[in-house]
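2 protein chains.
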Amino acid sequence: MTASCLSHLECSRCSMTYETSLEKHLCSCGAPLLARYDMKKLARLKKETLNARAPSLWRYREFLPIISDDNIITLGEPITPIISMQEIGLRLGMKNLWIKDEGILPTGTFKCRGATVGVSKAKELGVETLIMPTNGNAGAAWAVYSARAGINAYVVMPEDAPAITRNECYVAGAYLYLVHGLISDAGKIVNRAVESHGWYDASTLKEPYRIEGKKTMIMEILEQLNWDVPDVIVYPTGGGVGIIGIYKGLCELKEIGWINKKMPRLVSVQSTGCAPIVKAWQEGKMESEPWQHATTIAFGINVPKALGDFLILDAIYKTNGCAIAIEDHEILKAQASLAKYEGIYVCPEGAATLAATISLLEQSWLLPNEKVVLLNTGTGLIYPDTVHVRVTTLKPEEDVPG
Amino acid sequence: MTASCLSHLECSRCSMTYETSLEKHLCSCGAPLLARYDMKKLARLKKETLNARAPSLWRYREFLPIISDDNIITLGEPITPIISMQEIGLRLGMKNLWIKDEGILPTGTFKCRGATVGVSKAKELGVETLIMPTNGNAGAAWAVYSARAGINAYVVMPEDAPAITRNECYVAGAYLYLVHGLISDAGKIVNRAVESHGWYDASTLKEPYRIEGKKTMIMEILEQLNWDVPDVIVYPTGGGVGIIGIYKGLCELKEIGWINKKMPRLVSVQSTGCAPIVKAWQEGKMESEPWQHATTIAFGINVPKALGDFLILDAIYKTNGCAIAIEDHEILKAQASLAKYEGIYVCPEGAATLAATISLLEQSWLLPNEKVVLLNTGTGLIYPDTVHVRVTTLKPEEDVPG
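Chains as they are written, first to last, in our numbering: chain G, 1 to 402; chain B, 1001 to 1402.
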């Protein structure tokens, strides 16, 4: 019944520990808390056990924090495909180029991973009302999973966030508010609401469980590659929960011996319009500074200052990774290439990973024979404004030009 | 290497047969052709063999028409989830209500099934250029799979089709044309282009393989329900390839003994704004008449006259099913209910199946204890205009009302 090996919460900065039966957000030192597991118990699990399980992130339930299966709120999240990029690989001279397509998850983005685990845990903790700031996609995901869980969800997003994510929140019955400002402004509104009303704060890294859902990306990748660790993973970075989760998952898998010493080099991709992590990495710093006048078409990564910036940078440094910023016009070019040559219609954040790969190859940071996995975090459907369709309208009696 | 048990093509009306190695569209009598398999060979396959295969419709490859695996064009289509509708079920007094969510497929709709199989077969046949009329979603799916296959795709769609489907076609490099008219007008333009240029006609039921992809919906449903045949399947019907495919799949599975005699009753759902199948069924006819002034928000089922109408009606009659038309405002109400109570954001076509279920329950055509599966054919993301978001914009210093 209790498959989860969850043990306790641990501060990511000062290592203070907390128990998991009560609602808990940040450490008293102000840093994010991370879920820790009984690693001896986890180590008794065999990889082969997974084979017989349903193709969903819930197959990794020992590594996830939900104690009772009855609390699992799921929309049937599939294992997302890892697709070989033959045509673009050929053009770049790369033989081992893959893209993991998170765009097929229920709300069209990887945010579902965090939401299915985070909302399930919120339900397990007895939460009735939660609130979060978002750049759109996380809010949409938490709105629908909260609806399924019977939890009231308040969502605050910038008015410039993709309009379709408003629909997802609204139709799911969330209490939706826009803010004339950035996600950091939404964050301040959320802080005050949490203070005034005692609602569950589901802000990025202010609840410790969303990251556990994101962690399953690397577990799927490794299982799909027969536990052969790729050389490089390229990841678009806003709040950074994905890259932190990937690194956390890698460490856990190494600890229980499912993978050997080798770690993939983790690449954090940002837009030149909002690149605080890239700047910090270039300067060799352990934390980022708030980015001024942040703006990019890749709205999901328009995060001026991530709460977990030090964890993102740590993951990059520890894996000999790097951080790289991409111009918006290169992002759009990569989006078109992915659709035209591979048939994959990705969001701009996902497209940025291809642009980054091309740049890193030119710089010889990447070698053509390395095994490289790009993370596409969402479907292009949510960003109709990134494609400017030129089209001819015919009358029924007119012909298609030959 | 050759897993497919494909044997020949057979006319759905006059039973004339054709070989499969050459490009073939309609029978000389004008009716659609259906793929037929070596049923003795198929019958040697064991259900249990499937268990070890990857979670994708390609696990059913013996039942599919692709001879060489090298020709398979895939974007990693997952097995789509079949989600229990506990909350709505409770409200309706139904204990066994399920929805199969096709919205998580790569282009956001069930059209991917037809496209992955249809484009793969086109590649196997050496097709260089194909053309099709579409209400949007099929064109989008065929555009991206054609891009991946290196096949030129011409797509002609009504100017009223969902705008986002234009993006998918355009970004994938398809030759996209709009028509001031309905899908039937697009069809006429396509007919002339096929005549003039000799392009591969990928119109609904004018190539025999798309239906084979759609057939896998019922195979997944049955496998997900441990081969326990549901009582009723509710399906939104435009061109009707899905319902024809489901019925074809059921017949094949019965023939090889994977299911027993019992068939699910198949329900064809249309909009009151375009209900040619419903009218024909109500009048006990074997074919439909072209619907005049067709219009509905459920654009995918805005098909005034389906080429395979007689096959749709046959599937309904043979399974003791029915056909039912739903008002657009009931469709929108059902869409909102599915999001609010179950967390599933569906397209209007999918929402129509819930409205139909409610109506059939009221009429006692359905009984509360029956096992009912609704088919959601696509994600709500593609139809932003169906949700009218009312939202307040805050200044950063303003508070969320408590």
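Keep in mind the hints are simulated off the structure, nothing from the lab.
Some hints could be false.
[As the list claims (entries may be wrong)] Subject to a maximum C-alpha distance of 30 angstroms in a straight line, what follows is the list of computed DSBU-like cross-link-like pairs (lysine-lysine):
(1) B:Lys1206 - G:Lys340
(2) G:Lys395 - B:Lys1261
(3) G:Lys395 - B:Lys1340
(4) B:Lys1047 - G:Lys46
(5) G:Lys46 - B:Lys1046
(6) G:Lys188 - B:Lys1371
(7) B:Lys1206 - G:Lys206
(8) B:Lys1371 - G:Lys395
(9) B:Lys1047 - G:Lys340
(10) B:Lys1024 - G:Lys24
(11) B:Lys1262 - G:Lys340
(12) G:Lys333 - G:Lys279
(13) B:Lys1395 - G:Lys24
(14) B:Lys1371 - B:Lys1261
(15) G:Lys47 - B:Lys1047
(16) G:Lys188 - B:Lys1395
[Said to hold, decoys possible] Stretch by stretch, here's where chain B covers chain G in the computed footprint (C-beta under 8 angstroms, at least three residues):
(17) 267-275
(18) 387-395
This structure is a prediction, so every number in the text was calculated from the model and none was measured.
Even glycine gets a Cβ: it sits at the ideal position worked out from N, Cα and C.
*Sort out whether lysine 340 of chain G lies within 30 angstroms of lysine 1262 of chain B, counting only the CA atoms.*
Given that 30 angstroms is the threshold and the Cα spacing comes to 45 angstroms, the pair is violated.
*Does lysine 1046 of chain B lie within 30 angstroms of lysine 46 of chain G when you go C-alpha to C-alpha?*
holds (28 angstroms)
*Given the proposed pairing of lysine 395 of chain G with lysine 1340 of chain B, does the C-alpha separation stay at or below 30 angstroms?*
violated (41 angstroms)
*Given the hinted pair lysine 1047 of chain B and lysine 46 of chain G, is their alpha-carbon gap at most 30 angstroms?*
Holds, at about 27 angstroms.
*Compare the distance between the alpha carbons of lysine 333 of chain G and lysine 279 of chain G with 30 angstroms, and conclude whether the hinted pair is satisfied.*
holds (24 angstroms)
*Verify the proposed pairing of lysine 1024 of chain B with lysine 24 of chain G, using a straight-line Cα cut of 30 angstroms.*
violated (64 angstroms)
_So is the stretch 267-275 of chain G in contact with chain B by the C-beta rule, three or more residues under 8 angstroms, or is the coverage claim wrong?_
violated (count 0)
*With a cut-off of 30 angstroms on the C-alpha distance, tell me whether lysine 1047 of chain B and lysine 340 of chain G pass.*
violated (38 angstroms)
*asked:* Between the stretch 387-395 of chain G and chain B, are there enough contacts, at least three residues with CB-CB distance under 8 angstroms, for the coverage claim to hold?
replied: n = 8 at 8 angstroms, threshold three: holds.
*Given the proposed pairing of lysine 1371 of chain B with lysine 1261 of chain B, does the C-alpha separation stay at or below 30 angstroms?*
holds (17 angstroms)
*Quick one, are lysine 188 of chain G and lysine 1395 of chain B close enough, alpha carbons at most 30 angstroms?*
Within the cut-off at roughly 11 angstroms; holds.
*asked:* Against the 30 angstroms threshold, does the CA-CA distance of lysine 395 of chain G and lysine 1261 of chain B hold or violate the hint?
replied: Given that 30 angstroms is the threshold and the Cα spacing comes to 50 angstroms, the pair is violated.
Checked against the numbered hints given earlier, the structure breaks hints 2, 3, 6, 7, 8, 9, 10, 11 and 17 and satisfies all the rest.
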